[in-house]
Structures are given as C-alpha cells and as structure tokens.
Amino acid sequence: MRALVMGASGGIGSAACAALSAAGHEVVTVDSPRAQAEAGEAGTAARADAAGTAGSPRSRVRVDVVADLAEPGAARAAVTRAWESFGPLDALLHVAGLFPARRVLETTEELFDTVMAVNTRSALMAATALAELCVRHRRPATVVFTSTGGALRPRPGTTVYAASKAALEAVTRGLALELGPLGVRVNAVAPGFVDVGSPLNPVPAAYVEAVRAASPAGRAATPGDIVPSLLWLCSPDSAWVNGHVLAADGGAGLGSPAMPSWLGEQRPEAVPSQLDG
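Numbered according to mature numbering (1 follows the signal peptide of the UniProt record, and there is no 0), the sequence shown spans residues -18 to -1, 1 to 259.
Where hints are given, some of them may not hold.
Unchecked claim - Each pair of labels, with its calculated beta carbon distance range:
(1) ALA199 with GLY6: 25 to 31 Å
(2) GLY55 with GLY156: 17 to 23 Å
(3) PRO138 with PRO70: 41 to 47 Å
Hint data in this document are derived by calculation from the structure and do not stem from the laboratory.
Just so it is clear, the structure is predicted and the values come from calculations on it, not from any experiment.
By construction, the Cβ of each residue, glycine as well, lies at the ideal position given by its N, Cα and C atoms.
Throw the hints in and build the complete structure from the sequences for me.
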C-alpha cells in the first residue's frame, strides 16, 4: 500500500508514518513549509527517526510534498503532485489540523477562515482530488480523516476548532455517499484529548491531569493509541466500513467516572430490585 499522509510531522502524523513504514507500506508525506524547515533540508532527514515508534510522542519525518493547506488549491495540488511523483495512491490519511485555543469573543474572521481552510476545506479537496485520479486510472482507494470528540462536545475556547471538525464529519458522510460508488471509501477517526508532546501547542500539566482523572481509561491518550484505528480504516479489514466516524477516546465520550453516582455509597448489587417485595 502506498499511503499519503497529510500533516505528517505532527504527533499523530509522525506516529502514523512510523507505523505504516514498520508494516511495510510506502509513505508519502505532505506538510507545511514550517515543517519542512524543522525537518532540515528536503531529502536529507530520515523519514522517521530510527528510534521512533508508533507510540512515541513525536518523530522527525521528511517532507516529500510541501504545501500550505490554508491556501486555496494547495491540497488538490499536493495530492496530484504526490501521485505524479511517487506513483498511484491507495490511501489518504488527512491528519493535518489547526487547534487555536481562543475565546469566541477573541476570534477574528481571519482565524475562523484559516481554521476552516486547513481542518475542513483541505480535507474535502484532497479527497476529491484523489477520487478524480482513482476514477481516471480505475483504481480503488480509502480516505481517513481525523475529527475529534469535541465535534459533539465542544469545550470553552474550542468553538471554532469544534465547528471545523463537526463540518468535517458531515464531509465524511457526504463524500462516502458520493465517492463510494466510485470505489473510494471515506471514514474518520475521532480521538479525545491526545498528549502529542508538541512544542507548538504546549498543554498545562494540570489539564493533562484533569483529563486523566476524567477518563475511564485513567490516562490521557498518546498518538500510539490513535494510529491503530487510522491504519485499520486504511486496511482491507475495514472494506465494508464507509461513512463512519470511529471514536477512539478511551471511553471519554461516555462521561467522567469521577462524577457522583446516583447510587451513593451503595454497591450496585445492593440496590433493591423493583421486583422485590
């Protein structure tokens, strides 16, 4: 399988690249000019650090195709260039995204447009570009986006981000309907909070601890917790899955186990049945 990973230098993106490579798949990467600069001169940095694993917070990747996904036309051009330069693509993983923690009263139109462009528009345009190439060359493919549990449960300060991901989930379902008959499946993975260890989005330790306390799993997710879901949706094992948003949140979307129970201090088995008496 040849997979195109957009947003390859991020925490989840780099872990996905490492896992795909470890499984014997060919990986083509797309990222921003800034990511290319961080990786060093084009073509000189390793695709992934030899010591990196799918569970590591962040691995260095080589950027094969440089694209500013906030710019109109950039996503489509990146997919076309990747196909023409590296060969036909079997899978597209769109894990690029902007997460500006900003109060809604401080949100500008420019910020809103940029977040929607990267998180939603570029995903839609990349998928349609891939579909057009697949139809032209009579090949199937699979597309996997990354959403978030916040699309359904936004938090203060995440309104614009949550809106972009809620729109992406609608895009996922709409594309699945339109592209499915053409041989292109479209799905998404919706993680909860993922501790990616990125210096671009430092997270206060107190917040990570609050996430840990609120999660049924008792900890925050790492990129390695999310990658298996991404890879499964790329694989033939999920061939009958289309238009689905897969929650990969450790049960966080179910609510916090730290919330008081209506049972009080009683054990569940001690609650009288309505049939008693």
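Hint check, failures only:
none
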